[in-house]
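Given chain X, work out where chain C should sit, using these hints.
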Amino acid sequence: MKIPIQISDESREPIYHQIENQLRTLIAGGQLPPGTPLPSIRALASELGCSVITTRRVYQNLEMSGFIKTVQGKGTFVREIDHEQLQKTKQKVIYDAFEKAIEQGVQLGCTEEELKSIFEELVRKNFH
Amino acid sequence: METTTMIQVKELTRTFKRFTLGPLNLDVERGIAVGVIGANGSGKTTLFRLIMRLLKEDTGNIQMFGLTEENDEWKGKIGFAGGLLDAYDFLRVEELKNLISRWYPAWDEDQFLYFVNRYKIDVFERFGKCSKGTKKKLEFVFALSHNPELLLLDEPTAGVDLVSQRKMKEDLIRFMEDGTKSILLATHEVDEINQLCDEIVVLDRGRVMHRYNKDDIYDQWARIWVSVVNDDLIHHPNVIHYETAPPQIVTNQVEAIQEIVQKNEMKIQHIQRLSMEEVLEYLIESN
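Top line first, the protein sequences correspond to chains X and C.
To convert, note that position 115 of the first sequence is 115 in the UniProt record's numbering; the numbers rise steadily by one, no gaps.
To convert, note that position 143 of the second sequence is 143 in the UniProt record's numbering; the numbers rise steadily by one, no gaps.
It is worth saying that the hints were derived from the structure and are not from the lab.
Don't be surprised by glycine CBs; every beta carbon is placed ideally from N, CA and C.
Among the hints, a few may not be true.
[Unchecked claim] Take a look, some chain C residues computed to stay more than 12 Å from chain X by CB distance:
#1 T5
#2 G31
#3 D58
#4 E94
#5 R102
#6 K129
#7 L162
#8 D178
#9 E199
#10 R205
#11 N213
#12 A245
#13 K263
#14 N264
#15 Q272
[As the list claims (entries may be wrong)] Between beta-carbon pairs, the in silico distance windows are:
#16 A106/C - K74/X: 21 to 29 Å
#17 Q6/X - A256/C: 26 to 34 Å
#18 N230/C - P37/X: 35 to 43 Å
#19 K88/X - N230/C: 42 to 50 Å
The shape of chain C in the complex, shown without the other chains:
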């Protein structure tokens, strides 16, 4: 049986002049799509570059597909889209494809041609002349055209037109369809979290601040309208936000609040789930 853990990051650190990543722990299971969110500068791109071995860690280790040592086999199993092609600005798309396809034994030319057509990419254009969105689409296409098992995508749809964004989401859902593949996706798009991800990792200042199963968020986070917002609620660790007119709180643990309300003989007027957008904002802001 193949390993069930695609990526396992343990106590990873890397220090730069003005930023330290880690110590950071993270794992990505087979069949699961993990969304990485965090404000600009929280370390998402650095994390991807460390996983791809484009940067060397100071301490800690990364296992891919159960292997600690980097080898050609695991590089072939990864599809990476994260702004690495800029060094090849002078090549035409077709030439770039010829170069990249040689890196991957499992390169699928038909798949590539299908995507080029689907995303309306002109293969005779110089890469450097392509728009920001087209470059993003190309990276995405290259990442998907060699039958990877794991996709590492760093904001894949930033700057991409709406129709292509929808197509990319469709292609990613199809990629995940058989349950044996995984995605690690850094994004600022709520739709991508909603439609693609099973788990959410929140990065802040180089560390994993939270990790959630998406459905636990839906079930445990809520806005609760109460008869009165007293000090017990205001200072409660599970109260993320409160307002007094009309009295309401936002919590990440509904049951804990129900208990407090009961103990204080207050009343719950209404409970409502939060939208993912609201939750993500609280998660990023609260750090």
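Only chain X is shown next, with the shape it has when bound in the complex:
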């Protein structure tokens, strides 16, 4: 029951946040479709090298926002998520990714114009 989550050495984002966001993305993107069983908090903690305190927190947050559900004695499963939630998550993931790219560009000394032209070039490359 391995799931493709990776904790980044470079990111300053707290670990629980990284895990939660990646799970949200996997669920919203359909890589983990509704009904998929998830590892137990202990198994996930072991896999990622974090503590069960963190994985429990992640599962609690995801459960509260309706992404997963825990069935007593059976385990934790991906839930059917509603359209609005899905759109919100997708947007957030994309926003975050752009934001990170822009931050990096600024750090390297790019101007607004340069960033925009790179962005437009990439969009053109992918859609035409």
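Showing chain C alone in chain X's frame:
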């Protein structure tokens, strides 16, 4: 509701000719695996023996499952693997099992047979003739075969072959699975800290020097490449290590360093989390 604290050690001391343990405080909560690290001679084994009542403390006290008095019930709830079977060198594994299984009302023979098969242990071998690794595996198997709630493991995989080490880790993860059991594990293996433990206790010269939630280490410790390493950084209490070419520091409190850097109008070039291995080395060495 059952107690949430499995072990509570308070102001424990024990003095020997050339070594003093404590005063030492430690607790282990239900559902949590605690890793004990420390250089050789830091007191790990002594601590285990005191908790198991194999040694008597000079002062302080130990509560197990909320009880101060030692009784049969709590002995039955503990699985201990820590080099106690050497006195039975002359027995065959099977005979040793017959002896040990009588100590525990909750002994699970099927579980024992499953483990013996899983770890490829020859039950007709004399214990004294078993290799170091096989003895370790046997202690581990005995500790797990009577449905304990708490495991006390003193370097359980030292000398054990790689495949069996992996199996032991799997068995410990399974043991912790339902969230009601706990482990206190003394180890020098980074993998065991990474894959099994939620908290880390650092022992040095008989005392607890640090106690961390593992994720706080990941989030707060880092290597930071800065524009320049000045005196403010070198002497900062949260700077554990520094190098000047290229300028970088290792810290146990990223935010504190970010503040200093900002105040001094220096620049942070890059921040990277440390591997657990590096952190453990700094923790053991810095004492």
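Against the earlier hints, flag every one the structure doesn't satisfy and list their numbers going up.
Checked against the structure, the hints that fail are numbers 2, 8, 9, 11, 15 and 18, while the rest are satisfied.
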